[in-house]
Amino acid sequence: VSCQLVPVHLWNVVELNDHTSFKRSHLICCVDESVKCVISVVINVDAKKFVGILLTMSPVEPALPEVPEHAPYLLIGGGTASFAAARSIRARDPGARVLIVTDEADLPYMRPPLSKELWFSDDPSVTETLRFKQWNGKERSIYFQPPSFYVSPRELQTVENGGVAVLMDRKVTHMDVRGSKVKLSDGTEISYDKCLIATGGVPRNLQVIERAGEEVKKRTTLFRKIEDFRALEKVSRELKSITIIGGGFLGSELACALGRRSADLGLEVVQMFPEKGNMGKVLPEYLSNWTTEKVKKEGVTVLTDAVVKNVSYKDGKVQIRMKDGRVVKTDHVVAAVGLEPNVELARSAGLEVDSDFGGYRVNAELQARANIWVAGDAACFYDIKLGRRRVEHHDHAVVSGRLAGENMTGADKPYWHQSMFWSDLGPDVGYEAIGIVDSNLPTVGVFTKATAKDTPRAVTELSGTGIRSESETEAVAGAVAGAVAGAAGAPAPPPQQKEDYGKGVIFYLRDKVVVGIVLWNVFNRMPIARKIIKDGEEHADLNEVAKLFNIHDD
Amino acid sequence: RFYCKDRIIFVTKEDHEAPSNAELVEDDPNDPYEDHGLILPSGEINWNCPCLGGMASGPCGQQFKEAFSCFHYSTEEVKGSECIEHFRGMQECMQKYPELYPQEDENESGPSGGDDTAPAEPSNTDAASVPDSSVDEVTVAGTENAATS
Numbered sequence: 001v002s003c004q005l006v007p008v009h010l011w012n013v014v015e016l017n018d019h020t021s022f023k024r025s026h027l028i029c030c031v032d033e034s035v036k037c038v039i040s041v042v043i044n045v046d047a048k049k050f051v052g053i054l055l056t057m058s059p060v061e062p063a064l065p066e067v068p069e070h071a072p073y074l075l076i077g078g079g080t081a082s083f084a085a086a087r088s089i090r091a092r093d094p095g096a097r098v099l100i101v102t103d104e105a106d107l108p109y110m111r112p113p114l115s116k117e118l119w120f121s122d123d124p125s126v127t128e129t130l131r132f133k134q135w136n137g138k139e140r141s142i143y144f145q146p147p148s149f150y151v152s153p154r155e156l157q158t159v160e161n162g163g164v165a166v167l168m169d170r171k172v173t174h175m176d177v178r179g180s181k182v183k184l185s186d187g188t189e190i191s192y193d194k195c196l197i198a199t200g201g202v203p204r205n206l207q208v209i210e211r212a213g214e215e216v217k218k219r220t221t222l223f224r225k226i227e228d229f230r231a232l233e234k235v236s237r238e239l240k241s242i243t244i245i246g247g248g249f250l251g252s253e254l255a256c257a258l259g260r261r262s263a264d265l266g267l268e269v270v271q272m273f274p275e276k277g278n279m280g281k282v283l284p285e286y287l288s289n290w291t292t293e294k295v296k297k298e299g300v301t302v303l304t305d306a307v308v309k310n311v312s313y314k315d316g317k318v319q320i321r322m323k324d325g326r327v328v329k330t331d332h333v334v335a336a337v338g339l340e341p342n343v344e345l346a347r348s349a350g351l352e353v354d355s356d357f358g359g360y361r362v363n364a365e366l367q368a369r370a371n372i373w374v375a376g377d378a379a380c381f382y383d384i385k386l387g388r389r390r391v392e393h394h395d396h397a398v399v400s401g402r403l404a405g406e407n408m409t410g411a412d413k414p415y416w417h418q419s420m421f422w423s424d425l426g427p428d429v430g431y432e433a434i435g436i437v438d439s440n441l442p443t444v445g446v447f448t449k450a451t452a453k454d455t456p457r458a459v460t461e462l463s464g465t466g467i468r469s470e471s472e473t474e475a476v477a478g479a480v481a482g483a484v485a486g487a488a489g490a491p492a493p494p495p496q497q498k499e500d501y502g503k504g505v506i507f508y509l510r511d512k513v514v515v516g517i518v519l520w521n522v523f524n525r526m527p528i529a530r531k532i533i534k535d536g537e538e539h540a541d542l543n544e545v546a547k548l549f550n551i552h553d554d
Numbered sequence: 001r002f003y004c005k006d007r008i009i010f011v012t013k014e015d016h017e018a019p020s021n022a023e024l025v026e027d028d029p030n031d032p033y034e035d036h037g038l039i040l041p042s043g044e045i046n047w048n049c050p051c052l053g054g055m056a057s058g059p060c061g062q063q064f065k066e067a068f069s070c071f072h073y074s075t076e077e078v079k080g081s082e083c084i085e086h087f088r089g090m091q092e093c094m095q096k097y098p099e100l101y102p103q104e105d106e107n108e109s110g111p112s113g114g115d116d117t118a119p120a121e122p123s124n125t126d127a128a129s130v131p132d133s134s135v136d137e138v139t140v141a142g143t144e145n146a147a148t149s
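These protein sequence lines map, in sequence, to chains A and B.
Residues 1 to 554 in UniProt numbering are what the first sequence spells out, letter by letter.
Residues 1 to 149 in UniProt numbering are what the second sequence spells out, letter by letter.
In isolation and in its complexed conformation, chain B is listed as follows (with noise of 0.2 Å):
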């Protein structure tokens, strides 16, 4: 049906029950433009992930920086073990500024200290599940997700 210059189709589930035809381009998983998530192609952490909030940016951001790579390069068997002392630097730095780093709630997975200091490692594919930013702060709307192509 034509409207004009502007087509119109009406489609049932079963009208897209069978997969599509249209073909997508391979993505290049080392092209230098793309946004890569959390974890570059080289490994190294990319600090500027949106998925980290403000996380590397803010007051703390020194120490979180250093707990997170302390933890990412850990070969340790229980992963990130020696690294509680920079956990611990940054959990201090951030009772300084509650206001950006306001006490989680039990549900809430967060970075702060304790027991289970280390953050989920995310894997290569999977988008943002980096610690739930405890930080109370607007998550700038809509950029990306951080998932690799």
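For reference, chain A alone in the conformation it holds in the complex (with noise of 0.2 Å):
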């Protein structure tokens, strides 16, 4: 209980009801969090006189709690797919009231500069930051919105034209379909009329480092969150040797990242995979094979066909020891093998998951059940196009968030506008692809020589955009338009050429039909890239489809 006196020049003026003239102080006090009580003391102004204490209860209007009872549209997990679910909603459904559940303390942020612009930037607050300068000077912050557009947990039921709040540090543990209602792992629990589940996953983990002990495994990164990647730039500047297992995407990006700073930083960064080559399991042997030799040069000390027997901690260094015997020693391993989709609400609310691709299993509107959809890595969804599939990249995350955050509110739509992804294997060498990029298929690559016109650097400053996948949302879909039948002379035979693989597009073949592209250092031509994949036709010459990418021009 707490008293508050309140000096004499303030006293309140009250006329009671024989209009004679009393002044009042007040001592204000709380009896508790539900009541406030104000004791007065009256005085007969004229009559200078003392007349009594007058004792006021009233309730007080009790708080909000923190978490909302009830959440119009719920979203568990916080990161591109439940943001861009969040934003579509908003949009759609003016005045919504949208919560994000998400048990990271950060705010929904974009996961690719984790692994690629942040370790570009020469700001050395950038790991608190977390913003990035490009080559034009923009600069950017991985959050998707600073925490002024969000609205408070605590007031999303009440505040006008609605909002989105996001409740961090909380975690999901239970859902209730029949009730709609879930529970999190405090025992609070939220109803909701539309759930969207994107939980994306957790990073997969050698079985031999997880046997390996605890010496091995806290010098072991999972590359996945902002945490991890502060973690490893402090190791990178601390320590003398990382070697990162996995030769995909995640794993080449930082292998790429960390050989450009090995020189400074006196690293020695080595990367080890199974595969014979960088990318083996999406790129076809030759252009794997090319983009190796280039993760050479930025400092990187690739072991191909290396598969990892066990790991140990031995005089000081992790001794990773493969089973044809190499041995590497290192201060440090990150292992970048994969993503385990999460669906660890499959069993409380009766969802399918998929066998074949793992995530919950939904339909071509990416619902599971009624009123629940799934987007984002953790989502195995049927493509009309393509056949049932479960991509694990940042633009589908985004596609597939807009699409349940429409499909929430009403629309009703497949998923039918086909994601890319990209990759840079630092500024000067990258792609973008599209559709089913598996090195599995047959592949036809139609390639010229790379102008330094073409490098990822030389587009953003071009288009004046930032990050360099933006520009693809500004382009003009001209390319399509210029699409003209017409007859051809056959093209002469290609001259005796170089093996450079410096710029070009590679179609992948599932029984004759294109299922997707690489558009190899050649940028902005995504649109017809997602045409060719939508038609879905036979085309006898590929050749004559390349032409339509104007690989010559810029």
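Heads up, some of the hints might be wrong.
Said to hold, decoys possible - Restricting the straight-line Cα-Cα distance to at most 27 Å, the calculated cross-link-like pairs of lysine-lysine (DSSO-like) are:
#1 Lys531/A - Lys65/B
#2 Lys512/A - Lys5/B
#3 Lys5/B - Lys281/A
#4 Lys240/A - Lys217/A
#5 Lys276/A - Lys296/A
#6 Lys294/A - Lys5/B
#7 Lys5/B - Lys276/A
#8 Lys531/A - Lys13/B
#9 Lys294/A - Lys13/B
#10 Lys217/A - Lys294/A
#11 Lys534/A - Lys5/B
#12 Lys281/A - Lys294/A
#13 Lys413/A - Lys65/B
#14 Lys5/B - Lys385/A
#15 Lys281/A - Lys323/A
Hint data in this document are derived by calculation from the structure and do not stem from the laboratory.
Quick one: dock chain against chain with the hints and give me the complex.
See the structure below:
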């Protein structure tokens, strides 16, 4: 109980029924949180006499609970898909009240810069600010929106015009579909009308590391979140050797990012993986080999055909022994060996999990059950064009999150706009891709020679955008309109050329139909690639299709 | 030239000079599945267009929608001239969130109020010539060009 004495000069004048004037001072005290008690001393001003004490008690407006009891739109997971859905819902349902529940301590942010742009920043405080300057000087934060964009969860149910609230550090542990509500780890319940599950996934680890004991595990990073970026950045400055296990997107990007710093930091960077070359599961062998050479030029020691047999901690070093007997001694390990989709709610919610691809099984409209949708890395969905699949790329999280948001507000549209993905091996070599890009498929690659104009750096300078992937958003689809059917003479046989895969288009075929396309150092052409996949036609001569990309122009 | 199952073709500029004879399927402009850029076939505004960034979904989304709708449907000789109040309301709201809607340079266009209040009206086939988002946010990467096919 706290009391506050009001100074004499603030006494109020009170008139009672008989119009006698009184002055009243207030001693305000709270009996408990729900009742406010005001004690007043009443004085007859004219008679200069103490009259009495007036006691008034009034109920206090109860403070709203931190966690709202009900959210019309409940989004489980606070990543890219969730944010895209929130934005979509707000755009389509005016005044919508959207609650995002995330077990992270961060507001929604984008992941690609964690293994790319943030490493290229000159700013020593980048690990704090998580901002980065692009080639053209434009600065960006990895957070989709600053804190002021959001409303607090506490006011979500009452704020005028609604908004998006993010409840952080909370895990949804149980889902009661029949009752349309979820339970958090602390027992709090939240009911919903429409629910999105966008729980993403957790990095996989190698069994040999899991079994290797504490000394190895504490020197191992499973890279996915902001905290992992911060930890690895610190490690890169303090230690002398880092080994990355994994030859896919994440492993190769981190290897290149660390490789570029290796000279300045006196850091040895090793990358090892079972495939024959970097991106071995994605790029055809010749291109995978070419890429591997590029990664080596970035200062990375690349060990291919490397299968880890066991990992131990000995003599102050982590020792990685491979099946063929090679041994690597290193200070720190980054395991980039894939993602395990998070399907923890499947059991309590009664949701189907896909046995081929992992993740929650949803239909073409991303719906799992009535009023429940799934988007992003955790969604195994039916793609009308390409078949059932699960996609772990950033743009897919955006596209599927948006679509889920549209469908949660009544649109009932299937997955149709094909998402894309990209990777940069440093600022000089990059590619964009779309569809099913699996190196097991037969491919046809059409190449020309790269000029200095074609690198990712040059592209961002030209278009004046920041992140290269943004320029696709602003591109005009002129290329599509330019396709002309007409007679063409047979092309002259290509002159003998040194094997330089500087610039080109690679088509991935399934039953003679193009199901995937890689644009190799060719940018701003994604609309035409998307169109070709959408058409799903058999093309007799893929060189003719390649002409549509104008790969010699810029 | 064949490299196992992967075929490689090298082409010079001359090789690709002749127009392509690859045929593309004609698109249905009313395809209900397609994303439709800023303006839907019905003439309505697609508030969910990525080209708008987060303008329609943020704290000032309501004001933005009112101002832009007014402009879009305006038939005045000076388009949007009757919408000044809406734009003023929008600007007032945005000033409350300087982090989300920072003041623009002179060089960049923006939906801020003033003499030339009206944002450039995009044509149906145009991509994202919507007001440069004055929101200094991360444009969600690489989703789509706003153009209709």
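Here's how the hints hold up against the structure:
Taken as a hint, the Lys531/A and Lys65/B pair is broken in the structure, with Cα atoms around 31 Å apart against an allowance of 27 Å. For a cut-off of 27 Å, the pair hint linking Lys512/A to Lys5/B stands: about 13 Å separates their Cα positions. Only pairs whose Cα atoms come within 27 Å are accepted, and Lys5/B paired with Lys281/A is accepted, the gap being roughly 14 Å. For the hint pairing Lys240/A with Lys217/A, the CA-to-CA distance comes to about 18 Å; that is within 27 Å, so the pair holds.
Restraint check for Lys276/A and Lys296/A: satisfied, since their Cα atoms lie roughly 14 Å apart, inside the 27 Å limit. For the proposed pair Lys294/A and Lys5/B, the alpha carbon gap of about 23 Å is at most 27 Å, so the pair holds. The hinted pair formed by Lys5/B and Lys276/A meets the criterion: a straight-line CA distance of about 16 Å does not exceed 27 Å. The suggested pairing of Lys531/A with Lys13/B holds, with an alpha-carbon distance near 23 Å, which does not exceed 27 Å.
Under the criterion of a C-alpha separation no larger than 27 Å, the hint pairing Lys294/A with Lys13/B is consistent with the structure, at around 25 Å. For the given pair, Lys217/A sits about 30 Å from Lys294/A by alpha-carbon distance, which is inconsistent with the 27 Å threshold. Pair hint Lys534/A plus Lys5/B holds up; C-alpha atoms about 24 Å apart against a cutoff of 27 Å. Straight-line distance between C-alpha atoms of Lys281/A and Lys294/A comes to about 17 Å, which keeps the hinted pair within the 27 Å bound.
Restraint check: the Cα-Cα separation between Lys413/A and Lys65/B comes to about 23 Å, which is no more than 27 Å; the hinted pair holds. Between the alpha carbons of Lys5/B and Lys385/A the distance comes to roughly 24 Å, so the proposed pair stays at or under 27 Å and holds. Distance restraint check for Lys281/A and Lys323/A: the Cα-Cα separation of roughly 21 Å lies within the 27 Å cut-off, and the hinted pair is therefore satisfied.
When the structure is compared with the earlier hints, violations turn up for hints 1, 10 and for no others.
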